[in-house]
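*Asks:* Sequence:
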Amino acid sequence: MKIVGGGLAGLAAAAKLGAAGFSVEVHEARPFLGGRAASFPLNPADPDSERIDNCQHVLIRCCTALMDFYRRCGVADKIDFHDRLFLVRPGGAIDTIRRDPLPAPMHLARSFVSMRALDWRDKLSLASCLGAAKRDRLRDDIDTLSFSEWLREKRATPRSVKRFWRPFIVSALNEEPERASAGAALQVFAEGLLGSSSSYEMGVPAVPLGELYSSALERGLGSSVRVQLKSKVKVIEPASPEADFYICAVPFHQVSKLLPNLGLDETLLQFEHSPITGIHLWFDKPITDLPHAMLLDRELQWLFHKGHGYYLAVVSASRNLSDEPADRIARLALAELREFFPKARTAAVEKSRVIKEIRATYSIRPGLDRLRPGSGTRYPNVFLAGDWTKTGWPATMEGAVRSGYQAAEAVIAAAH
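All you need for our numbering is the position in the sequence shown, starting with 1, plus 655.
Derived by calculation from the structure, the hints in this document are not laboratory data.
Hints should not be assumed to be uniformly reliable.
Restraint-style ranges between C-beta atoms, simulated for each label pair [as the list claims (entries may be wrong)]:
| id | residue 1 | residue 2 | range |
| --- | --- | --- | --- |
| 1 | S878 | D795 | 26 to 34 angstroms |
| 2 | R993 | K885 | 38 to 46 angstroms |
| 3 | D738 | T922 | 23 to 31 angstroms |
| 4 | G1031 | K998 | 22 to 30 angstroms |
| 5 | S704 | P997 | 28 to 36 angstroms |
| 6 | Y1034 | E921 | 39 to 47 angstroms |
| 7 | D735 | T1001 | 23 to 31 angstroms |
| 8 | R771 | E833 | 24 to 32 angstroms |
| 9 | A764 | R814 | 14 to 22 angstroms |
| 10 | P896 | R685 | 22 to 30 angstroms |
| 11 | K889 | S851 | 43 to 51 angstroms |
| 12 | E921 | R685 | 52 to 60 angstroms |
Values in this document were obtained by computation on a predicted structure and should not be read as measured data.
Positions of the beta carbon are idealized from the N, C-alpha and C atoms, including for glycine.
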């Protein structure tokens, strides 16, 4: 059994197949695991260098497959869950979303009612739209609409879009409401914010992502799984005696090179990338006591406190930053952080690092979901995995793990 790709999809497939008794080889072209959710040394020449993630990756409680994978790998205790979300406006005003001891969907009602970033018209609009979210996600035409079109249909107020709907959707889908499928967006709210009283809670890895995968190698994947780093597979030959089964667990833009006769070329041309920019800033002193914050009304969207004066600012769907020089992006981030957190105005930046993930995710545009392929292919011994395949989830770590599990289950069924 050979798996090409050592991202979350490939590792999840390997974990499930290893547990089922298969002998598995995972081939990863790069010198580290994790794919687009990885970490690396800040100074590669220093063996003791601090390791940083390429960007901040988080999950929410409803990401059940991802948490199952972490439990298999023995690292579930390295995910810190937060039951409070902080929304910060320029000037420093903070709104907090937290649950009350009420059943869903009323568990967050008081938080929404008390939001000072919205006036009463916005809150009535918000309540109306949230009430329609679960119902409308089942509409036959929902994936043909953009999320903006759905919001206009529901007469969402401009301020509720700017300060609630857009920040959550850009963060969750890495796409602007004008480009994002309404079906995918409503799934985020129906299963995340409204699914259960705890499903909205945000999980943040307490260690660099690379440590999660090293633990997976040591404990979670099993003795029957071998991982080969810096092992680039140029093409998969289904009839080759190298393996009985293959899983192609790479991003969509690499599939045609590995499987040139798969017959998906026209379909894959419909997929586009959406970028993420991560800005790492090391201050000489703390700028806020908040562990994380959703930032409103500016270019920056999230701030995460990584410890010891180190902060990570994130800009999702950052097409407008793709061609900007790193030093200019760092200056932009610093200027905006000083608007949100007054302490940042007197703090000095000791160093910075800007990481652009141009191919961070696929763009979950209207109509794309019906084109996403399943795990099976025209070859009975070749299967697909990746967050871009048909998982029932958008481009997330949860979707990647689900795709790996689905491909593994298909292999198990084919072997029997």
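*Asks:* For every hint, state whether the structure bears it out.
*Replies:* Hints versus structure:
A beta carbon spacing of about 48 angstroms between S878 and D795 contradicts the range 26 to 34 angstroms that was offered as a hint. R993 and K885 have their C-beta atoms about 42 angstroms apart, which keeps the hinted 38 to 46 angstroms range intact. Between D738 and T922 the beta carbon distance is about 41 angstroms. The supplied range of 23 to 31 angstroms is therefore violated. The hint said 22 to 30 angstroms for the Cβ distance between G1031 and K998, and at roughly 55 angstroms that hint is violated.
Between S704 and P997 the CB atoms are about 32 angstroms apart, so this pair conforms to the stated range of 28 to 36 angstroms. In this structure the hint that Y1034 and E921 lie 39 to 47 angstroms apart at CB is violated, the actual value being about 18 angstroms. The given range of 23 to 31 angstroms is respected by D735 and T1001, whose C-beta atoms sit roughly 29 angstroms from each other. One distance hint, 24 to 32 angstroms for the beta-carbon pair R771 and E833, holds here, with the actual separation near 27 angstroms.
At about 19 angstroms, the CB distance of A764 to R814 agrees with the hint of 14 to 22 angstroms. Separated by about 27 angstroms at the C-beta atoms, P896 and R685 satisfy the suggested range of 22 to 30 angstroms. Evaluation of the 43 to 51 angstroms hint for K889 and S851 yields a pass: the beta carbon distance comes to about 46 angstroms. Look at E921 against R685: about 29 angstroms separates their beta carbons, and that is not inside 52 to 60 angstroms.
Hint compliance for this structure: hints 1, 3, 4, 6, 12 are not met, and every other hint is.
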